[in-house]
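Protein chains in written order, with our numbering: chain R, 1 to 112; chain U, 1 to 115.
The set of hints was computed from the structure by calculation and includes no laboratory data. Since we're looking at a predicted model, the values are computed, not measured. C-beta atoms are modelled at their ideal positions from N, C-alpha and C, and glycine is treated no differently. Treat the hints with care, since some could be wrong.
Facing chain U, a subset of chain R residues (Cβ under 10 angstroms, in silico) [unchecked claim]:
# : residue
1 : Lys16
2 : Val19
3 : Ser95
4 : Met107
5 : Val110
Subject to a maximum C-alpha distance of 27 angstroms in a straight line, what follows is the list of computed DSS-like cross-link-like pairs (lysine-lysine) [claimed, not checked]:
#  : chain 1 : residue 1 : chain 2 : residue 2
6  : R       : Lys3      : R       : Lys38
7  : R       : Lys38     : R       : Lys16
8  : R       : Lys104    : U       : Lys13
9  : R       : Lys70     : R       : Lys3
10 : U       : Lys26     : R       : Lys38
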Amino acid sequence: AQKVTQAQTEISVVEKEDVTLDCVYETRDTTYYLFWYKQPPSGELVFLIRRNSFDEQNEISGRYSWNFQKSTSSFNFTITASQVVDSAVYFCALSGYSTLTFGKGTMLLVSP
Amino acid sequence: DAGVTQSPTHLIKTRGQQVTLRCSPKSGHDTVSWYQQALGQGPQFIFQYYEEEERQRGNFPDRFSGHQFPNYSSELNVNALLLGDSALYLCASSLVGGVDTGELFFGEGSRLTVL
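This is chain U alone, in the form it adopts within the complex (with noise of 0.2 angstroms):
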């Protein structure tokens, strides 16, 4: 069973570009969320995904936005690359309810520098 994979593991950027960083969930489940990760810092909260829509948001700039396709996959879109961008950028998947009761899964990330 696999768990959740994460695509691409590292990708360097320059600033202005845009980048497309995937997601597949554990088998079963249907939600996504993704967190962005500071060097030095705790993961924040970006957005979450279910049923192909957002369902909650963090305290992100529209230029973060995000897809979930109907085999549950997900994409995170970040637009007009700024510097402080670079970081680790970590997907968890769960069922719908399951994020407060901790059942969350986390993937390995994409390492995203802006240079």
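So here's chain R without its partners, still in its complex pose (with noise of 0.2 angstroms):
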């Protein structure tokens, strides 16, 4: 079976702070794909970034960049410089069986 643990439930951080969101996972597939979703209050779900099993450079788009460890099966989110818009609740899911496995998220709450 699938998992996604992300074990911070909630981080409150000042603007323009750099913030990290964890996860780790577990699957026995070899290939598979990894991401991260935003959702504002709104309740849709924002696709932010993908990274398959295959590669594990690490990147940096914008003020996102992530942390993909097949060795710890940890897949860590960063966003740089902080702003008010950024709070949201963020998953982390994992692709498998046409399907998404997500963790239960991490509510991030970014303050002037």
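Put the two chains together into one complex, using the hints given.
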């Protein structure tokens, strides 16, 4: 069975601080994708980043960066110089069998 | 180009009633997946429809059923509602091979409250 664990329930930071959201996953598949989604109060899940299991190169995209370590089954997500508009619930997700398995989410509160 | 649209956005039902939620996929997409998101939880996969057939199903009882129409739109039906069915129901559309690679687009959801 697939499983995604987001141990951080809620994180509070002050604007311009960097923040890292943790994600640990379990899967028996050798090929899979990992994702981060953002869910603002409106409810829609907004796709942020995707990484496939064969590519452990870490990247930066604007204020977003991610650290994928297959050896520890972790896929952490960092927001640099956080802004109030980043306040939302963030979900890590794992693909498999044509479905996505989500973690329970981390609520990020960015105060001015 | 319209994205994924869901209706209604909010609704209130009482225990034992039945509800139908609707989803129109993004233009060009042929696969619709439904997820249930209880308060404070991550979305959980209910089922997926492709070519008007249920292709995959998560761990949900038979009270949850669905349908896909020739125009690829979909309905989620829940019978004999329980208080625990209160949740945000999300529809996601994709091409049939797109789920595993993350080419998945979500609607804003239908928020169901069961009293």
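(message) Checking each numbered hint in turn, tell me which of them this model violates, lowest number first.
(response) 1, 2 and 5
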